[in-house]
Every structure is written in C-alpha cells, then in structure tokens.
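Enquirer: Chain by chain, the residues:
Protein chains: 2
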Amino acid sequence: MDILTAAGKAKTASIELSAVDKDTKNNALLKISEKLLENKERIFKANQSDLRRSKEENLDMPLLKRLKFDETKLMDVVKGIKSLIELDEQVGKVLLETELDDGLTLIKESCPIGVIGVVFESRPDALVQIATLCLKSGNSILLKGGSEAIETNKILSELIIEATVKNNIPKGWMFNVESRENVGKMLDLDNYIDLIIPRGSNSFVRYIIDNSKIPVLGHADGICHGYIHKDANIDMAVNVIYDSKTQYVAVCNALETLLVHEDIAEELLPILSVKLSQKNVVIHGCVKTRRLIDCILATEEDWKTEYLDYELSIKVVSDMKEAIDHINTYGSRHTEVIVTENNNQANAFMKLVDSGNVFHNCSTRFSDGFKYGFGAEIGVSTNKIHARGPVGLEGLVIYKYKLFGNGQLVEDYTTGSETFKHRHIK
Amino acid sequence: MDILTAAGKAKTASIELSAVDKDTKNNALLKISEKLLENKERIFKANQSDLRRSKEENLDMPLLKRLKFDETKLMDVVKGIKSLIELDEQVGKVLLETELDDGLTLIKESCPIGVIGVVFESRPDALVQIATLCLKSGNSILLKGGSEAIETNKILSELIIEATVKNNIPKGWMFNVESRENVGKMLDLDNYIDLIIPRGSNSFVRYIIDNSKIPVLGHADGICHGYIHKDANIDMAVNVIYDSKTQYVAVCNALETLLVHEDIAEELLPILSVKLSQKNVVIHGCVKTRRLIDCILATEEDWKTEYLDYELSIKVVSDMKEAIDHINTYGSRHTEVIVTENNNQANAFMKLVDSGNVFHNCSTRFSDGFKYGFGAEIGVSTNKIHARGPVGLEGLVIYKYKLFGNGQLVEDYTTGSETFKHRHIK
Chain A
439 MDILTAAGKA KTASIELSAV DKDTKNNALL KISEKLLENK ERIFKANQSD LRRSKEENLD
499 MPLLKRLKFD ETKLMDVVKG IKSLIELDEQ VGKVLLETEL DDGLTLIKES CPIGVIGVVF
559 ESRPDALVQI ATLCLKSGNS ILLKGGSEAI ETNKILSELI IEATVKNNIP KGWMFNVESR
619 ENVGKMLDLD NYIDLIIPRG SNSFVRYIID NSKIPVLGHA DGICHGYIHK DANIDMAVNV
679 IYDSKTQYVA VCNALETLLV HEDIAEELLP ILSVKLSQKN VVIHGCVKTR RLIDCILATE
739 EDWKTEYLDY ELSIKVVSDM KEAIDHINTY GSRHTEVIVT ENNNQANAFM KLVDSGNVFH
799 NCSTRFSDGF KYGFGAEIGV STNKIHARGP VGLEGLVIYK YKLFGNGQLV EDYTTGSETF
859 KHRHIK
Chain B
439 MDILTAAGKA KTASIELSAV DKDTKNNALL KISEKLLENK ERIFKANQSD LRRSKEENLD
499 MPLLKRLKFD ETKLMDVVKG IKSLIELDEQ VGKVLLETEL DDGLTLIKES CPIGVIGVVF
559 ESRPDALVQI ATLCLKSGNS ILLKGGSEAI ETNKILSELI IEATVKNNIP KGWMFNVESR
619 ENVGKMLDLD NYIDLIIPRG SNSFVRYIID NSKIPVLGHA DGICHGYIHK DANIDMAVNV
679 IYDSKTQYVA VCNALETLLV HEDIAEELLP ILSVKLSQKN VVIHGCVKTR RLIDCILATE
739 EDWKTEYLDY ELSIKVVSDM KEAIDHINTY GSRHTEVIVT ENNNQANAFM KLVDSGNVFH
799 NCSTRFSDGF KYGFGAEIGV STNKIHARGP VGLEGLVIYK YKLFGNGQLV EDYTTGSETF
859 KHRHIK
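Residue numbers (my numbering), protein chains in the order written: chain A, 439 to 864; chain B, 439 to 864.
Worth double-checking, as some hints may not be accurate.
Claimed, not checked - Label-pair ranges, simulated between beta-carbon atoms:
no. : chain 1 : residue 1 : chain 2 : residue 2 : range
1   : B       : D461      : A       : M439      : 56 to 62 Å
2   : B       : E524      : A       : S715      : 56 to 62 Å
3   : B       : E760      : A       : A688      : 52 to 58 Å
Keep in mind that the hints were calculated from the coordinates and are not lab data.
Ideal Cβ placement from N, Cα and C applies to all residues, glycine included.
Based on the sequences and whatever the hints tell you, model everything.
Expert: In structure tokens form, the structure reads like this:
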C-alpha cells in the first residue's frame, strides 16, 4: 500500500478509533503483549538478521546496542504495556462544563488528536512503545523506522496490527512505512497527519523539525545547565553536578554546561575538578575557570555543544543575571538546575529561565516522565506550545467543545429577549 | 528599529515580563485604557487619514467599515480592557503537584509562552485587543497590521507602549512592525517568535499558515455544517438552520452546508426554502434536493465553499454515516450541528465529527468565546494541538516543571538506595 492510501485509511480509522471505549482499547493492548510473547522467536530471528546486516554495514556500536531486541527488551516492552493498561483513560474527560443558559450546556471534552506520524531511528522497542501509547489515547499511527531495523519493525508491526484488528480496533489504524523516500512524503501529509513525533539522535530530530509542515513534538538538543549560586552548599553542589554530568552521559537530561558564581568559584572548582576526575571528565573552562583549575580553554562553540559524553564546559559568572542570560541564549529549553541555600534566588532563577524543567538543589537527570511519575512517556518536548517537558499520554489528546441545546437561536440573545447565564458547573 | 533587533528585544523583555505580577499587569492595562481615552482625538485623526487614503485607493466597502476606528469602537475597546482586567490571572497556576520523594517536590506551573507574532488585516481595534491579551498573559508581542491602517496602528501602538513602559512593563515587550516586506521576515523568525496569530480573511490566514515556520494559532476557513437527522423536530430544524445561516452571514461560524436525511427531506425542505427566502438565500442543492425545491444545482466546488453570504448548499444523505463522512471530508473542523430528538444519535454524531465545536439542537452561531463565557477571545483555532475552538487567555500560556530538592541524586534511585514515592498532592 502506498503511503497516501495508508494515510487516508489511518485518518478514516482515527475517527472510528476516537469512539472506541476504554475496555476495548485495554483488551487490545493486552492482546498485543500476548501476541508478542507468543511470537518472540520470530521477532528475535528478524532482529538477528537486522543485527547481522547492520554489523556488515559497520553500524556504530551504540546504534547496534539500540537496535538489539532480545528477551530483556521484550520483557521491558511487555511490562510497559501492562502499566499502560493501568493508566487512567484520557479520552472523554470533562474538562469544563458551563450552562450558557437554561437547557444550553457547554462541555469541553478531551478527545484523541487523530493521526500521529512517528519517525524513529534504530530502537525497535520504541515502535511498540509509541504504537501502544497511540492506541491507549485513541490515535491512528503511521510509523517510519530506520532501515537498520527493517525486519524487526516489520514483524512487530504485523503482530500489533493482527492483535488489534482482531480485537475490535478499526482496520487501518496503524501502518508501517517502509522505504526511505517515504519520510519526505510523510512530512508533507499535513492533510492527514496531525502531529509528528521524532525519536532519535539530535541531528535526526533537527532534520524532521526543519523539514516538516506538520507540528512536531520533540526535542533536538538537550544542552542542560547548572548554576552554582554563591550561597550554595559546596558538598551538595559537587554531588549534584557530578550526578547530573556522569550518572548517564548519553542522554538529553545530562548536564553539559556549568555556570559558577565568581564568589564561590575559588572554593568549589578545585573540589569539583577532583570529583569529576574520578570519571575522567574533560573540562572546557572559560578564562576565569582556567585560573582556578587545569582545563582546556572553552570556545564559543562549546557553549552550544551537547557533548553526550564525559565532557563539561564551565563558565564563571559575576551574577545570576549573567547565568540566566547565558542559559536563555545558549540553552535548548530542556532542563536547568540552580544549587543554592537561598530560596528567593532559586525562585527567581526558576521563573526567569525559559526551560521546560527548572530544578532547585537536585540532579538534572530527574527530568524524565517515569521519574516524574507519569507512568508513560511519549518523549521530551522543548516546544513552547501544546506540551512541554516530559510528555505523558496527555500530550496525545486535545479537546472539543460540545454544546447541547433544545432549539436555542443566537438572534434571541442578540435582540435581548434571552440573556446568557454562564453558570459554571465544572 | 529593524525587525530582527525588535524581535531580540521582545524576547529579552518576555523573560522579564513572565515574572511581572498580576497587579502590575492589571494596572498597566488600566493605564492603556486611560491613555487611549485621553488621546482619542489623535487616534480618530490618524484613522480619518487612513480612511481617506483607503477610499482614494478604492478599498472595498466591508474593509473600509472594518478599518473605521471611532467613538463606538474606542468604547468597545475600553470595555474589553476593563473586562480583561477582571479575568483570573493565568500565570503561576499550579496545575499538578507531586512529591516524588520526601523533600523532592514536582510542580507543574503555568507560564507565558514568550513572544507572540500577530499579523492582521485592517481592523485596528484588533491591535488593542490582542496587545492587551498578550500583556495580561505575560507575553511580548510583535504586531504587523495592514497598510490601510498604518497611521491608526502607529498611534495606537505608541500610546500602548508609552502607557505600559511608564508603568513597570519591560521596555521592548511590544513592537509595531511597519513595512510589508517584514511579514515574510517575521514568519521566518522561529528563533524569536513562539506563536503566530493571524487575524483576517481566510485567504490571508491561509497565506500565513502556508508560509510560516512558526506554529500558527487560527483558522482559515469556517465551512460549518448542519445535519438534520430523520428524528428532528421540523420547526426546530427550520429555526436553527435559519439562525445559523442568516443571523450574521459574514462570520466564520455561519452555516454554509446543510445535510438532510432523505426520510425527512420531503417534509422539511419546502418549509425551510420558504423561510430562507425571507432573506433571499440562494440555494445550491444536490440532485435530490432539486426534486423537492427550486434551486441551483450544487457542484463539487460548492461543498468546499465558505460563502460568507446569503447562500447555502444542501445535500440529501441516506444516513448519518454519509453526513459525517461529508463533514470530515469537506469541513474545516470549525463548527457543526445535528438537529434530532434522538440523543443517542446526537452523541454518536458529536463523537465522530472531527471538529472543534459540535452542537446538538442549537445555532452554529453560538460558537464564540464570548458566548461560551470565556470573557476574552484570542481567536478561533481549527488546529488539532495546543488549543482548539474559541481560544481564551489559556491559549497564550504553557507550563514549566519546577522540581524542588535538597541535594537528591539520580544515582541513589538507580542503585535502589532510595525509591520514588510519587505522592500526588494536586
């Protein structure tokens, strides 16, 4: 099936799917996990074939690791589906209720967005995760995975489609897009696709954002900052920065730049430098930093760099305003932390830093849907509209206004023979 | 000042403005209305000059009417500001509060979006309205009005900027963009502008949507539908359709297409036709419609047309599915109504029609922020993300996550020495 036909079917299916009740969706989710378990050997075999081919094509080690879909990944996926089933239903929630007049009731009710386009790199478990999130929230999905994972994605899609369509989920709700040329086509289908979710490296996500006519939910960079205020507890500062930087370096919520108030730099930096040397962290420091510790001179480029590695840039600043300006200029609106014992200063920092996640005295690595207790994460968004920060199921729904009357006409309210009462019910 | 410099200043100001308290913003709003009243003769004079020039340039009568800014418009604007002051503060609302663990509290808090770009045609009162909405919600604004209204917009902007900057609103929060070539530049400033709101004709809005890299909040078309189900009350149906079509034809929530179930068409259409002839409504009917009443044969083009005039297309359908498919194919996701005494069928229709506003037994003309009781309307959105239907102040805010800790590290939760409690507070 070509992508245009598939998109049309996905749109039609999305209308029916928007009216499918909670129990039917949850039952279909259960059937997906059963189906995957029953067919695990077929999945592993397809994945082995993808891995073999990708090794021959000299795919990078980290990408090979992400491509792997084994028993552990399957168990994670199945566990994810189980917890997804238990989450609250997001569709049909009454968000607002107003009696505009007697017998004229307005209800703002949550509903699915429609058709979600997902474009992702080599992690096949992301396919199952996002497909099930879309199903739970009543959305159709068009998926385009990386060519490295083509066989794994194919079998996973087939199994999910089989399990769901047999269990009262409208046919056409999900489609696995195969050839690479279809990515460009997909990004142009703004008449069919309501939202694009990209998953992959930052250059990959940036490409999607720059080339899509459709709204994109995601983030390209994660240049996270820490600011050590002059009233920081030194021990806490060292530990928070060490955890933020080194706990897991390859992720978007890891620290990339540290800003240190000049009054505390002399005491803090030597201790921090020793601590970071435990993990051989390479430091790029400004001129003032280099007067206090041994490190490489930071360039303008360093402030814009997401290292995703054991590297950190450090700048000594003369006040909080300089720190905030630096973050709002070079940051990616992802996650930033201030370490200080001064709550007023912390609050000011958290108000003035324009990021989805602003922390006081804790690690940037907490910036994550599961750690926030959302139970599911669609992705992290650095957008300024719709959904920001870690996005749970609520990012896949929107709302419609329903107005229930018994023959009311606007003319009567214009002439004044009737007047609005606007009684707020909920 | 060139637009790039202005956009940079607006961004800087937006950070400061996001932290300005409610009373300061409300006081500045009051000062705007006082300033406009004090300087009304200057405003009217500038507007007279715009009107004179536009008449010489043979601007259409409806546009001239919209361009006019007189005592009545000023009073409306001042009244609007007064009611805006009284609306709830939207910034700083706690939307969610969770204790991730003892002493580690997550708060989801509403905040302004940042910088709003507004592009609008000849209605200068829209300038005041949108600028004050942005101020109330803590956003900076870059405004580009139509060249017809250049002098009126200039004086209005000057007065608003003067009144606000003198009253503790950060300098640079508002900028009036003048030359036409700046529209294109503005639509490319995705590093500075977070959201574009277009106001004007549908072709104008479509141009903005098609040419912007920035998310757009608005609607191009308003092709609203009515569906008369077979169990409709005939009198009610005739009145609701008459009001929806004729109460005010030049607006986006006026009815453009009527779908009638075949079982009721024979009884309904002749009565409706007589009623609509009171306003000389021109009817474009399908073949089946033409067997029952005298009208022009509807073409494929008619189903896609927003007449904005005393014209209506009518199609006889054989069931509700056909009606829903027609709406989801030709509609603009704005407002649709079903007339029926059968509540189950009404509910099914309202679920399956993919529009921001779905009505039962009342006029489509109710689709409006003021009638909904929002007290302010930014515009009507046919988007599927962020905000849909009539958008009030809540469409100009987003949120950030604030996490307050006392030194917590992710490593401790990874090794299991600490565990998340996820206590839901709000």
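Enquirer: Please go over all the hints and tell whether each is borne out by the structure.
Expert: The hints, checked one at a time:
Between B:D461 and A:M439 the beta carbon distance is about 60 Å. The supplied range of 56 to 62 Å therefore holds. Between B:E524 and A:S715 the CB atoms are about 59 Å apart, so this pair conforms to the stated range of 56 to 62 Å. The hinted range of 52 to 58 Å is satisfied by B:E760 and A:A688, whose Cβ atoms lie roughly 53 Å apart.
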